[in-house]
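Q: Since the structure of chain B is provided, determine the placement of chains U, L, Y, A and V on it from the hints.
Number of protein chains: 6
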Amino acid sequence: MFLRIDKLQIELPKPAKQDPNAAAALLELLGGKYGEMSTLGNYLFQSFNFRSKSKLKPFYGLVANITAEELGHVELVSNGVALLNNGPGEPETTGEDISDAPFEAMKDIRLAASFFSNGGGATPVNSNGASWNVDHITTTGNVIFDLLHNFHLECGARLHKLRVYETVSDKTSREVCGYLLVRGGVHAHAYALALKQLTGVEIEKMLPTPNIQLSKIPESQKYLDEGSHRRLYRFSPNDYQEIRGIWGNGERALPGDPPGELEVVDGPPEGGRIPELEGIPSAFTPDYAPEEMFEIATKLWKKSR
Amino acid sequence: MFLRIDKLQIELPKPAKQDPNAAAALLELLGGKYGEMSTLGNYLFQSFNFRSKSKLKPFYGLVANITAEELGHVELVSNGVALLNNGPGEPETTGEDISDAPFEAMKDIRLAASFFSNGGGATPVNSNGASWNVDHITTTGNVIFDLLHNFHLECGARLHKLRVYETVSDKTSREVCGYLLVRGGVHAHAYALALKQLTGVEIEKMLPTPNIQLSKIPESQKYLDEGSHRRLYRFSPNDYQEIRGIWGNGERALPGDPPGELEVVDGPPEGGRIPELEGIPSAFTPDYAPEEMFEIATKLWKKSR
Amino acid sequence: MFLRIDKLQIELPKPAKQDPNAAAALLELLGGKYGEMSTLGNYLFQSFNFRSKSKLKPFYGLVANITAEELGHVELVSNGVALLNNGPGEPETTGEDISDAPFEAMKDIRLAASFFSNGGGATPVNSNGASWNVDHITTTGNVIFDLLHNFHLECGARLHKLRVYETVSDKTSREVCGYLLVRGGVHAHAYALALKQLTGVEIEKMLPTPNIQLSKIPESQKYLDEGSHRRLYRFSPNDYQEIRGIWGNGERALPGDPPGELEVVDGPPEGGRIPELEGIPSAFTPDYAPEEMFEIATKLWKKSR
Amino acid sequence: MFLRIDKLQIELPKPAKQDPNAAAALLELLGGKYGEMSTLGNYLFQSFNFRSKSKLKPFYGLVANITAEELGHVELVSNGVALLNNGPGEPETTGEDISDAPFEAMKDIRLAASFFSNGGGATPVNSNGASWNVDHITTTGNVIFDLLHNFHLECGARLHKLRVYETVSDKTSREVCGYLLVRGGVHAHAYALALKQLTGVEIEKMLPTPNIQLSKIPESQKYLDEGSHRRLYRFSPNDYQEIRGIWGNGERALPGDPPGELEVVDGPPEGGRIPELEGIPSAFTPDYAPEEMFEIATKLWKKSR
Amino acid sequence: MFLRIDKLQIELPKPAKQDPNAAAALLELLGGKYGEMSTLGNYLFQSFNFRSKSKLKPFYGLVANITAEELGHVELVSNGVALLNNGPGEPETTGEDISDAPFEAMKDIRLAASFFSNGGGATPVNSNGASWNVDHITTTGNVIFDLLHNFHLECGARLHKLRVYETVSDKTSREVCGYLLVRGGVHAHAYALALKQLTGVEIEKMLPTPNIQLSKIPESQKYLDEGSHRRLYRFSPNDYQEIRGIWGNGERALPGDPPGELEVVDGPPEGGRIPELEGIPSAFTPDYAPEEMFEIATKLWKKSR
Amino acid sequence: MFLRIDKLQIELPKPAKQDPNAAAALLELLGGKYGEMSTLGNYLFQSFNFRSKSKLKPFYGLVANITAEELGHVELVSNGVALLNNGPGEPETTGEDISDAPFEAMKDIRLAASFFSNGGGATPVNSNGASWNVDHITTTGNVIFDLLHNFHLECGARLHKLRVYETVSDKTSREVCGYLLVRGGVHAHAYALALKQLTGVEIEKMLPTPNIQLSKIPESQKYLDEGSHRRLYRFSPNDYQEIRGIWGNGERALPGDPPGELEVVDGPPEGGRIPELEGIPSAFTPDYAPEEMFEIATKLWKKSR
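Chains as they are written, first to last, in the numbering used here: chain B, 648 to 952; chain U, 648 to 952; chain L, 648 to 952; chain Y, 648 to 952; chain A, 648 to 952; chain V, 648 to 952.
Treat the hints with care, as some may be off.
No copy is singled out in the list; a pair is fine if it fits within one copy or between any two copies.
In silico lysine to aspartate or glutamate, DMTMM-like type, Cα no more than 20 angstroms apart, as pairs [claimed, not checked]:
(1) 950 with 886
(2) 950 with 913
(3) 661 with 925
(4) 869 with 822
(5) 700 with 658
(6) 946 with 849
(7) 664 with 751
(8) 654 with 913
(9) 664 with 755
(10) 863 with 817
(11) 664 with 923
Calculated directly from the structure, the hints in this document are not laboratory data.
With the rest of the complex left out, here is chain B (with noise of 0.2 angstroms):
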């Protein structure tokens, strides 16, 4: 079962610009086959097909703990993708006047059905437009080969955030390129140390791949300074505390970070708000007329209170 939290991993700064191209860049790291869809699918998938459960228990753990991580992921990428295409957001009262082409601009975006279709919102594929799907996904229930897998799952992970984050100047979409490459980072090594301790190959030491050190990315360094390379977040009130086995257990940060020892930490980090996507009534979002709809809401709100 899984539990939801009406925060993002982190507090997500609001883009200057509407910029739909940025918003279809960040789309490689949603739906693409290196993406975060990917991520969460494979880990969630081999969580619930993991044999013998119970005596492989901290592997069966990080798996399944790691999850719950990329769920928040999939959604930080997400809000990051609709603020761009949204843009600051200035409220418009109400619809404007419709039969001016009030959306020339979008008919030339690389991705014109995230408009279209979703008003801007994020969906599931990548960077092209194209679906995720089941052939990104990796479950053979053979231990050693899935967590094989997810090491290079994340290694290809880490170097398509990287390209992203070289091609965004907004601080929306760096910030998240800036976190994620933390936190992947620290899914690498772990899928590392547990390899290591499978088959006694040293495998952590091929990181970082691609060969560059976090401390060239700006938007990197204040994860690193608070430690957040160090740490395994355990996102459950109560379970997996066997992962401690493997995240831990005398290791230490990757050479090149800054130094210290692993850790694992108990629950969520403290995470920053969801971002308020102002409606845009002449897009239909959250409607044409909207404030008969804001009326019913706010007494319903009431109501509950």
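A: Chains U, L, Y, A and V only, in chain B's frame:
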């Protein structure tokens, strides 16, 4: 953000025998157009993309909160699939002789790739093996339309659950269907009430669609008896309280179901154990000769405490 | 069986200039999830698969008859796409020098394959170039559910038409949108009335969704003026008379539209000419040096009379 | 524009028993690469996108007119699929007890989703359940090439029909194959004649491909006897007269078929009744307890007269 | 550039009987995510896209050269598929009576389209009939990551080969599996050694994954005996000599395999005959009445000498 | 089996500037329905699945041998794509500062995923980014039909090459088009001659389709001058000699091309160098700080000699 609890929403009985075609039938409820991946995917992305969240809290909260329950439904169906592919689970001590075609029967099952590639695990495909994908998601940002879509989606999901139920005779998949029929009914009812608040149309009078009472489904009976059809769980430590404005508020159970008031329940249901899937070393799950792996895991687990 | 008439449902103005990105926008209304291929595909297969046709004639007739109109909608949007890709059409006498990159501009249009592969013609893809496919079809055989699906589909189609309309400023695609908004409104209304007959729920009160009157769309005005929103054409020489039981029957136009009774019109609308798409020999349409081809055709045509 | 007539192109016998795998075989002729959706889709979009229509009337007319016949072929195969999935159709009076796995057999059919999702209805997929899509369409705007493609497509369609025919023994699908083999032969012949007019190449001498006479197919015999192989129906009230320039014109039946001149027939064939598909209330078609629905329909029908 | 030799990499025994479901099982090794099309596609495009080829010759050469072997693997599996669909092959003299459902059995095989559309031939799909596609390709241009991906890919391919092997009992597909397990092992080992050179991580110690020695596979034994597991063939007249820097260099066979030094072999293995697939005229392969075709071919062949 | 030679079929000029949209245009010729992956895939699988090979040697040999040339075409187009994405290639000494959006321009290219995921490398997709897949393959085992399909495929490929040519002005992609137009012409001609032998139909008289002489393409001229249009290369050390029965045999060049006899050439063309693609460390190709990698490679290379 999301938290994970290492339990299923209900206790799932183990099947008396392996039945890969029943597992394939359940896949319709996992990765089909009207399956749980679709309800999850629709509500997940709708909640990310929701416009004017602060002004529409009860509606936003409804979609966001049900999302968390759907995650557990995906988990429940997936566990059902894996159990049916695995069978009752006689533990092998170690890998057997593999040169005598020990899995010849798998060659003739309907979706043979589920053995070759997933070792019997679940993946997000439908009962014909076609992948779940973005075409199964509607997220327009228009509140009325998205709610109408969701209402239709839950009715369609009910129809598919009923038909899958009619093809299976094992207790595992019937329990899955029996439970999900009740919970899907709650969601259909909830979206109907939301639409009624916003439009005045008493669309809940269209329920149940299809036109059959759950009292005809023995496996649903105990959930009706305990009032599950009147409960909307708040799958969150502290958030989404505003849904009480929609679910509750004097509204009552649908005419054909056991009578009573609708109520919001704080927190998830008690739930049942995650089933232990016995590994099958000769199928390389968790691996061919897993004893050493088990020892390592035990050692790490002890260290973690 | 189907017959074909060599006319469009309306006279379509030629665009003042070539605009491939506007053509790509229109594709959302052709091959998108809520486009005309979807309305066509859903009703076509629902009509084939309709159970108990003789006992449910008015409902069967409604779906079967609207199917024929949707074929004309697919034709209308496709012609719009081809016109916008072709432009106003200055006839070339024969193929030009092709070695100087005469179509360099096509390299940068959003969906370049529409030039390379289709010479500017329409195909059933959405505005991102993704193919229409079976995932866009719902045909369950359950009458209530299929009608509910269709009602939701028409509301979604309306939303997409509105958004495409807001991005285009040429008269061709605006005429397409203006007309289809009126006709799609009729279909939504018709399915609502069918559902009301079967369930008693006054679901037509949810219309219009999105919440904007067609009077705000200048291009829809003439169709409203002539009462198109009150007419259901019987697209058949002799069949589907039973639809009068649903459309008509004292029911009247929706509140925001010009008032009046609903009426079934025997036969199709008068329609407009199929636009002549000038060939572009340098793009090999109909071919590089088409003169001989034209002569042959003329000779054959004469012989045919 | 298109009109619809509530008849099939031929009278289709009901099968003696339910045979979902035969229905799945027929799907190859519906949604396969060389199926009727493909012939329809190719000619439909080619006719929309046809360049220089007024100068190439006989060729435009040929493609446009055959499109209308293909709609009826899609309808014919779809009805065959639905009939074979439904079986001879003993009417249930109302829904049965659904708790005893009444449809257990459906779990093992080749394409189980056709039951779960479509209640036995047809959808545009091939015999493996893969969706028809835009990759099955060629529409380049080059007249010679598109006609050559169509000639190849009809030959491929013939090969697939022959192979499906060889796997089925029920009278329903054999009738479908027997008829479509004759009509597909007409289309191949017609495209060959068009190509001969334009290029001088006597490509009709390649027919029949594959190299077998229709006289070997008993189910084709009656259609040969009535001369169907020499007739091109003009599926239009008034248009496409120019096709006489290609079909006719002194051309005669192919050597291996009953001899005679080719002729254009005004209007569609007489056709046969649309088969009544009995609903199966326990499968929720048209619904579980359909009596009230039937009453409502009867009342509306009476009102409509 | 590529050259072709009209031989298979090994002599492939004919099956004792037709077995379409075994053929479908082999398809997992052809078009599945971890099949030969994937190893081919990944290395082919990685070799095209390789950056700084001249500075990284041993690594470029490794990927480029293995590509050529993978082409032969695709060929080998495809021949296995076609043989199993065809059976031992009693030559028909000419087409039989086709009106008595001579291929009725094909209606019930798992992937019936392989008969209808391919006459039993192989196509790049997986064991469920889903198409191979670009999602199965990783080519990032980052050398470490692409090699890591390839290492994981070969381990995954091994797991899938093992499972397919466990479901088949005919000698044809077992020979395919037995040989490919040895050769895939070489590729996994080679990529491991390349990674070790670049990163220092002894990742080859993770082999074999899954954790089973090839000595348990009788069909692999003769290839181990002849030392195939120690040989990297240089599939090129003159190029890719630099691979000796990686394969060889004092490295030795993996611990569980017959011991010895690794060696690069110049040129391809001796190979075996391309199997003769007897045509089945009644299935229209090569055609219904092929005698004349054979005569023409004989005449042309004589002329060519 | 296949061998690989480390050369392209021609020397390919480097582009004067980076042009990702031209690269995307070339993708139509790589992964489009009528691109080189399709010619390759069709002939590859047809050659595997060819029935009665020994009795139909000239025809089998034709398909099998052309397959090998198509591999080189896939290689040629892929190299063109990578060159255009890379540009003229100023070598970076090591990775630059990546925090200032050095690749911002990539955000706006038509197919941004080609940068994010492939670092500018080629993958088998069309010019809209849609994946090549099994729907692009026809392999029925019927010789006449498969050859007819191939003839149509080559004509379609020619049309697509012509249109791509008309959109590009850089010398790299024009050279690719100019060469492939000549070679594709040879293949169309060869399949036509094969069909003529088998059916007597002089289908080669339909060439060229589209109706334009290659003399209008300056980049094709040198290949015509050297007689490339009259040569069928035997891409094999010793096999496929029987193709002389079809290509040659007194047949001559097509009327519009430089005259002369057709000839089979033993062995591949001389070919040109594989272009060096400079790595871009800041894009992590081959990696961020590649110096050590280069040193390792040099050391290994030396050892290999």
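Q: From the Cα coordinates, with 20 angstroms as the cut-off, is the pair residue 950 and residue 913 best called within, between, both, or neither?
A: between (35 angstroms within a copy, 17 angstroms between copies)
Q: Up to 20 angstroms between alpha-carbons, please classify residue 661 paired with residue 925: within, between, both or neither.
A: within (11 angstroms within a copy, 38 angstroms between copies)
Q: One pair to classify: residue 664 and residue 751, alpha carbons no more than 20 angstroms apart. Within, between, both, or neither?
A: Answer is both; intra-copy 17 angstroms and inter-copy 16 angstroms each pass.
Q: Taking 20 angstroms as the upper bound on the Cα-Cα distance, should residue 946 and residue 849 be classified as within, between, both, or neither?
A: between (60 angstroms within a copy, 19 angstroms between copies)
Q: For residue 654 vs residue 913, is the C-alpha pair at or below 20 angstroms within one copy, between two copies, both, or neither?
A: both (17 angstroms within a copy, 18 angstroms between copies)
Q: Regarding residue 700 and residue 658, is the shortest C-alpha distance of 20 angstroms or less found within a copy, between copies, in both, or in neither?
A: Cα proximity of residue 700 and residue 658: across copies only (17 angstroms, versus 35 angstroms in one copy).
Q: My question is about residue 950 and residue 886: at a cut-off of 20 angstroms on alpha-carbon distance, are they close within one copy, between copies, both, or neither?
A: The answer is between: 16 angstroms across copies meets 20 angstroms, while 36 angstroms in one copy does not.
Q: At most 20 angstroms between C-alpha atoms: does residue 863 with residue 817 qualify within a copy, between copies, both, or neither?
A: within (17 angstroms within a copy, 36 angstroms between copies)
Q: Evaluate residue 664 and residue 755 at a C-alpha cut-off of 20 angstroms and name the case that applies: within, between, both or neither.
A: both (17 angstroms within a copy, 16 angstroms between copies)
Q: Evaluate residue 869 and residue 822 at a C-alpha cut-off of 20 angstroms and name the case that applies: within, between, both or neither.
A: within (11 angstroms within a copy, 49 angstroms between copies)
Q: With 20 angstroms as the alpha-carbon cut-off, assign the pair residue 664 and residue 923 to within, between, both or neither.
A: within (15 angstroms within a copy, 40 angstroms between copies)
Consistency note: the structure conflicts with none of the earlier hints.
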